[in-house]
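J.: Residues in the sequence shown are numbered from 60 upward in steps of one, following my numbering.
Any given hint could turn out to be false.
So the derived label-pair ranges between C-beta atoms look like this [to be verified]: (1) 157 to 71: 17 to 23 Å; (2) 68 to 98: 15 to 21 Å; (3) 63 to 120: 36 to 42 Å; (4) 157 to 63: 20 to 26 Å.
With a cut-off of at most 30 Å between alpha-carbon atoms, the simulated DSSO-like pairs for lysine-lysine come out as follows [stated by the list, open to error]: (5) 131 to 105; (6) 94 to 132; (7) 105 to 94; (8) 132 to 92; (9) 100 to 131; (10) 132 to 100; (11) 131 to 94.
Calculated from the structure, these hints are not laboratory results. Think of the CB as a built atom: it goes at the ideal place given N, C-alpha and C, for glycine as much as any other residue.
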Amino acid sequence: MNWFWELSTLLQILIVYFILLNFITFFAYGLDKMKSRGDGKRTPEKTLWLLTLLGGSPAALLAMHYFRHKTKKTSFQAIIIIIIAVQITAGISLYNFLQTQ
């Protein structure tokens with residue numbers, strides 16, 4: 060774990076942010092699946108999309124598969140695919156930009 064402390068503070072913050080966000084995203088999808096079976100108040104789809112957009116896409120995909128949640132709702136999946144495509148495009152663009160600096 061020494062490698063973590065050798066990183067810049069910004070990278071440390073980003074790593075912790077993404078780890079926490081992915082735990083929260085996985086939990087939110089699981090909680091929504093649990094509530095979908097009962098009469099509990101559901102998590103709005105916009106909230107699940109926002110968590111995915113903010114960086115929780117790995118956990119969102121894992122939770123959708125693990126809980127078998129939102130796997131048959133094509134409109135929901137289409138938004139998830141668009142979000143991930145935008146994230147990949149942004150990541151590649153950022154990488155290419157940083158390589159030219």
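J.: So which of those numbered hints doesn't the model satisfy?
T.: Checked against the structure, the hints that fail are numbers 2 and 3, while the rest are satisfied.
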